[in-house]
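Colleague: Chain by chain, the residues run as shown.
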Amino acid sequence: MQIVKSPLIETTEVQENIFIQKVHSPEIAAEAKPGKFLNIRVSETIYPLLRRPFSVCDVDGEYIFLMYNVTGEGTGLLAHKMPGSFIDILGPLGNGFNIEGDYDTAVILAGGLGAAPFPFLTRKLDGKKNILSLIGGRNKKDVITYNLKNVLTASDDGSEGMKGNVVDLFKANLKELTIKRIKVFACGPTPMLRALKNVCIDNNINCEVSTECAMACGFGICQGCPIESCQNQDTYLLVCKDGPVFNVKDVLL
Amino acid sequence: MQIVKSPLIETTEVQENIFIQKVHSPEIAAEAKPGKFLNIRVSETIYPLLRRPFSVCDVDGEYIFLMYNVTGEGTGLLAHKMPGSFIDILGPLGNGFNIEGDYDTAVILAGGLGAAPFPFLTRKLDGKKNILSLIGGRNKKDVITYNLKNVLTASDDGSEGMKGNVVDLFKANLKELTIKRIKVFACGPTPMLRALKNVCIDNNINCEVSTECAMACGFGICQGCPIESCQNQDTYLLVCKDGPVFNVKDVLL
Amino acid sequence: MIAVDLTVNIGKLKLRNPVILASGTVGYGNEISEFADLSKLGAIVTKSLSLKPRKGNPPQRIVETPSGMLNAIGLANVGVEEFVKDKIPFLAQHDVPLICNIAASTVEEYVECTNILNGEDIIKAFEINVSCPNVKDGGLQFGNDIKSVGKVTEAVRAVTDKSLIIKLSPNVSYISEFARVVKDAGGDAVSAINTLVGTSFNIFTRRPKIHNVNGGLSGPAIKPVALAKVLEISRKVDIPIIGIGGIMNWKDVIEFMIVGASAVQIGTLNFIDPTSSVKIVNELEEYCTNNNFKKISDLTASYII
Amino acid sequence: MIAVDLTVNIGKLKLRNPVILASGTVGYGNEISEFADLSKLGAIVTKSLSLKPRKGNPPQRIVETPSGMLNAIGLANVGVEEFVKDKIPFLAQHDVPLICNIAASTVEEYVECTNILNGEDIIKAFEINVSCPNVKDGGLQFGNDIKSVGKVTEAVRAVTDKSLIIKLSPNVSYISEFARVVKDAGGDAVSAINTLVGTSFNIFTRRPKIHNVNGGLSGPAIKPVALAKVLEISRKVDIPIIGIGGIMNWKDVIEFMIVGASAVQIGTLNFIDPTSSVKIVNELEEYCTNNNFKKISDLTASYII
Ligand SMILES: Cc1cc2nc3c(=O)[nH]c(=O)nc-3n(C[C@H](O)[C@H](O)[C@H](O)COP(=O)(O)OP(=O)(O)OC[C@H]3O[C@@H](n4cnc5c(N)ncnc54)[C@H](O)[C@@H]3O)c2cc1C
Ligand SMILES: Cc1cc2nc3c(=O)[nH]c(=O)nc-3n(C[C@H](O)[C@H](O)[C@H](O)COP(=O)(O)OP(=O)(O)OC[C@H]3O[C@@H](n4cnc5c(N)ncnc54)[C@H](O)[C@@H]3O)c2cc1C
Ligand SMILES: Cc1cc2nc3c(=O)[nH]c(=O)nc-3n(C[C@H](O)[C@H](O)[C@H](O)COP(=O)(O)O)c2cc1C
Ligand SMILES: Cc1cc2nc3c(=O)[nH]c(=O)nc-3n(C[C@H](O)[C@H](O)[C@H](O)COP(=O)(O)O)c2cc1C
Ligand code: FES
Ligand code: FES
Chain S
1 MQIVKSPLIE TTEVQENIFI QKVHSPEIAA EAKPGKFLNI RVSETIYPLL
51 RRPFSVCDVD GEYIFLMYNV TGEGTGLLAH KMPGSFIDIL GPLGNGFNIE
101 GDYDTAVILA GGLGAAPFPF LTRKLDGKKN ILSLIGGRNK KDVITYNLKN
151 VLTASDDGSE GMKGNVVDLF KANLKELTIK RIKVFACGPT PMLRALKNVC
201 IDNNINCEVS TECAMACGFG ICQGCPIESC QNQDTYLLVC KDGPVFNVKD
251 VLL
Chain V
1 MQIVKSPLIE TTEVQENIFI QKVHSPEIAA EAKPGKFLNI RVSETIYPLL
51 RRPFSVCDVD GEYIFLMYNV TGEGTGLLAH KMPGSFIDIL GPLGNGFNIE
101 GDYDTAVILA GGLGAAPFPF LTRKLDGKKN ILSLIGGRNK KDVITYNLKN
151 VLTASDDGSE GMKGNVVDLF KANLKELTIK RIKVFACGPT PMLRALKNVC
201 IDNNINCEVS TECAMACGFG ICQGCPIESC QNQDTYLLVC KDGPVFNVKD
251 VLL
Chain A
1 MIAVDLTVNI GKLKLRNPVI LASGTVGYGN EISEFADLSK LGAIVTKSLS
51 LKPRKGNPPQ RIVETPSGML NAIGLANVGV EEFVKDKIPF LAQHDVPLIC
101 NIAASTVEEY VECTNILNGE DIIKAFEINV SCPNVKDGGL QFGNDIKSVG
151 KVTEAVRAVT DKSLIIKLSP NVSYISEFAR VVKDAGGDAV SAINTLVGTS
201 FNIFTRRPKI HNVNGGLSGP AIKPVALAKV LEISRKVDIP IIGIGGIMNW
251 KDVIEFMIVG ASAVQIGTLN FIDPTSSVKI VNELEEYCTN NNFKKISDLT
301 ASYII
Chain U
1 MIAVDLTVNI GKLKLRNPVI LASGTVGYGN EISEFADLSK LGAIVTKSLS
51 LKPRKGNPPQ RIVETPSGML NAIGLANVGV EEFVKDKIPF LAQHDVPLIC
101 NIAASTVEEY VECTNILNGE DIIKAFEINV SCPNVKDGGL QFGNDIKSVG
151 KVTEAVRAVT DKSLIIKLSP NVSYISEFAR VVKDAGGDAV SAINTLVGTS
201 FNIFTRRPKI HNVNGGLSGP AIKPVALAKV LEISRKVDIP IIGIGGIMNW
251 KDVIEFMIVG ASAVQIGTLN FIDPTSSVKI VNELEEYCTN NNFKKISDLT
301 ASYII
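Read top to bottom, the protein sequences are chains S, V, A and U.
Read in order, the letters of the first sequence are residues 1 to 253 in the working numbering.
Read in order, the letters of the second sequence are residues 1 to 253 in the working numbering.
Read in order, the letters of the third sequence are residues 1 to 305 in the working numbering.
Read in order, the letters of the fourth sequence are residues 1 to 305 in the working numbering.
Keep in mind the hints are simulated off the structure, nothing from the lab.
The structure displayed is predicted, hence computed values, not measured ones.
A couple of the hints might just be wrong.
Listed below are the simulated BS3-like cross-link pairs for lysine-lysine, each with C-alpha atoms no more than 30 Å apart in a straight line [as the list claims (entries may be wrong)]:
#1 U:K87 x S:K241
#2 A:K52 x A:K236
#3 V:K81 x A:K55
#4 S:K197 x S:K33
#5 V:K175 x V:K81
#6 S:K5 x U:K151
#7 A:K55 x V:K249
Covered, in the sense of this in silico footprint (three residues per stretch, anywhere, with C-beta under 8 Å from a C-beta of chain U), are these stretches of chain S [stated by the list, open to error]:
#8 44-56
#9 101-111
#10 234-246
Note that CB positions come from ideal geometry on N, CA and C, so glycine has one too.
Construct the complete structure from the given sequences, taking the supplied hints into account.
Modeller: Have a look at this one:
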């Protein structure tokens, strides 16, 4: 965990309003793990005031990659940065996915920009485990399969892959999957994670989810990012510090 | 007076921390007069909040020119704008210099960035009147003679031209000047204008000064920019609307 | 596509839409009319008028702050008499409801100003600025003293049948108590909020940046505070509210209406984009159309808590 | 070049420099210590501690606003007992004066917390957070009721000889009246300011963005208000002031000292750059050297008005 100013190498719009930014940051690259995130200062002025959290999308040698869509002023400013300009990064933050353990097939499950952390996870799992990527979104534009392996897709409007959400897609493949020893890695909107949780509990499937919450600091000093724990009702867990990745059994979604 | 978004053509650093920006703005160019100013929004976000006032430095056909130094965040953001990006301009504002009248020599008197409005004035006077430009500053770096004619310089530390301030320079040339029928056009720090006022009153020289004041709106609705009138003590004049150019006899400096 | 009803009522005052230009940010309408078609707006509020003309404070009167600005104009204005003589004729040429904002230093003076202006048909409402020093009661602000606010409201109410709006100071602990007093004293509505007290110093000269030392903080920086004040009033007192504070776009207008505002006023934004008020009216209409709101007034106090 | 004296006194509390980390913005020091060498700082204030552990509010607890942020954490904390057991040992390893911030809902509870903590030598001062609902007097905030502030100060003063700092609420008309009561009741100093009450709504769901509806506004947006409050106290009451509100750099620290602060606290900035507090200490030293200030404390209340 450190603060570095790292030069932007290039920004690519891989599909409509989905940007991949390549940044030369040996310090962050060395510490990064799939599922960890970065808290990025998008402006040199005091506006916007707070940093913006982004998953580590991928790491390649000394280079790190971000994936995001422009949803507001912060991401807008980030997308307009010129190659060569420096990006103020606080991180890597959070715990990340636990890729160890005795399973042979990793099922990656993502909705919309929930796909962001998985290129890095795929890179780490590749060769060690079988990978099946179930990727969903509202429509074709919303389904992001960038640098993923062995992909099945779904979209609410049926414009891409199966018609339905990604949890439906998961259910549709459940039978053949549960023959294998699988572990699920999921990221996406909370309603999706909630639906997924039920499926995993019912079929007692090992599943880790990457959660989201409004954040200020990103490393545990503001108490801004609580999430309800299943073990202990007397206190909240912190998404930024205890998470953002949790075993689906441990948190109330 | 209108609001336009005009494309930036180029930014040139004519001397250390003195920037000239060329903007393609037929609308502003058509209405501009020497001594008028523009109120420019330096950011598309709400920070910095207020527009920044800048003199019309020059006009050439459909192109307008700004001259400024980076003194804070607003001018910093402006200086970093990329060619092709649009500049949000409210103007032209204020009254401008009155170049008519029966005088044959225009004496331009500027301190530091007070030089900004004079390339345009010089362009308008050229051929019609004789021009003598007396330009001063704290030191060599501060003396700006960009696109001026028939220039004499002075600097407080003597690193450029006569040692002393520009009003001393004016006094040094007073004798030979007062033989001619002159009109003085001045712009610079208030202390300089105050000193100049005394000289002009004593020698009853016709003199117009361009004044400065913190501004919000720039066109008379906020009452933020008062200046004491010599004619009427019961009310203030407004720098943005009644000025920024005043006959030195009319305002208390 | 059915037409959207943008009209709103503030007590007995009916406006064609909820967008009003705030006092002190558009003078007497002349300059702003070159950018904004006044006949498209809900109403315009004059700069605070006092019994006698006021010169106002010496420079520096304004300074920028993070996402805001401080001002200490010192209520510079032409005074009620000259206003009637020189300013009303111009405003009369425009089809826009005129709200006169009055500032004074005694209850009697508020009444006197109202009497002088009350005869003018073009004036549709009075907005009483209580953020003024009360010379009789030791110079502390009327607006921070609940009794004074009651007295002023009652006294002005007694001399006019026009809509009476009291513009509340935010520099109090519980603004709803002031709104209740206004209601009980016969006021038709409250405006919330006026500026927050603030200051700014030059660290090299160690002097205040504005001559008056303290100034009024306005702009987006104060929007969260303004919204909380409007919500507090709306939840505690049954009186129409005009929401003010940091509005920069149509979304902010909707936000103010949701927390309880019947209409809104736009202030500092006029300095940055004098055309925005009219743009916002059009954008509000689009928003209502796209979300099938037949009447924008249905948004008022539509918060879900 | 002579060495600059950065030490400041807050009543009987002597600090090596005026830069203090604000309550609720550095937890109990653990995480921030990975970025900032605590031994370089003037002091650290704990998150508000209550008698019993508090879970705090459900999400969403924070939202960004123009040049500021709203928070409603709900005083989530481990409680005084666990603080003594689990947190003090870590803080004891660092050479930094510890100020314990206490939150409670009755006068008795404030006293009880103080009694439990008072024995710990490492605790150099108490900062009393009066921005808490007073359950006995109808849930309105202690901090907005001058009598309650007096009572709390007196009661806590009676049970401790450590420095007693009362952290004042800015949501009042005349904060100096509260500072005077603190002084008269035996308080050693006041901290000003805590957050301003604000809110923010989602215009599509029409629901508050933070679960608690209202939150506390902090960050540069409130700096002008904080400076005015500090100046008001400094001009009216002879009591040491710790300036707080929107400090983003060393210049802001100087500005707070000029208007009357003996020391300052840094809050929201820790979230954006947790290394900044130590940087600021070094920059303050440079500033003093370059301007030939032998003692930084000479800056306190050095305003020229
Ligand atoms: C741990 C974590 C990892 C994330 N990883 C990614 C990623 O890899 N790619 C990506 O596109 N997005 C990611 N997000 C969401 C991303 O942080 C927001 O899209 C971004 O902050 C929006 O900023 P903005 O200024 O453009 O939007 P605005 O809506 O203007 O932001 C306003 C405020 O709301 C906050 N905010 C807005 N949306 C979110 C959100 N979804 N979650 C948390 N805070 C939010 C912003 O941080 C800011 O403080 C992640 C969020 C978290 C918590
Ligand atoms: C009528 C007029 C014409 C001007 N013409 C020029 C010009 O041609 N070239 C040039 O370099 N400068 C000119 N100035 C000064 C210029 O406006 C300021 O340098 C600029 O606003 C600084 O902005 P900033 O954000 O970089 O500085 P900051 O100090 O960060 O600005 C903070 C605030 O102070 C205001 N401010 C700062 N300095 C001045 C100043 N000198 N006068 C008025 N407001 C100020 C800013 O507008 C802003 O609101 C002119 C000023 C006026 C009033
Ligand atoms: C320069 C300036 C002058 C103002 N003058 C007055 C005034 O004379 N009377 C009044 O009631 N309010 C006055 N106000 C307050 C505004 O009407 C409004 O309440 C405040 O600015 C908050 O709104 P805003 O954030 O949209 O500007 C003034 C505000 C500014 C910025
Ligand atoms: C997330 C957050 C939590 C806070 N928690 C507390 C608290 O527990 N007790 C307290 O007295 N002040 C608390 N504060 C207020 C700060 O200590 C400080 O007074 C305020 O934030 C203004 O300073 P700033 O603008 O530098 O942040 C909190 C502020 C923030 C932003
Ligand atoms: S974001 Fe600050 S504690 Fe999690
Ligand atoms: S700057 Fe607004 S009136 Fe002059």
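Colleague: Hint by hint, note whether the structure agrees.
Modeller: Comparing the hints with the structure gives:
1. U:K87 x S:K241: holds, 18 Å
2. A:K52 x A:K236: violated, 37 Å
3. V:K81 x A:K55: violated, 40 Å
4. S:K197 x S:K33: holds, 24 Å
5. V:K175 x V:K81: violated, 47 Å
6. S:K5 x U:K151: Violated, at about 50 Å.
7. A:K55 x V:K249: The given pair, whose Cα atoms are some 21 Å apart, holds under the 30 Å limit.
8. 44-56: Per the Cβ count (6), the hint holds.
9. 101-111: As far as the segment 101-111 of chain S goes, the hint is violated, because 0 residues have Cβ atoms under 8 Å from chain U.
10. 234-246: It holds, with 4 qualifying residues against the three required.
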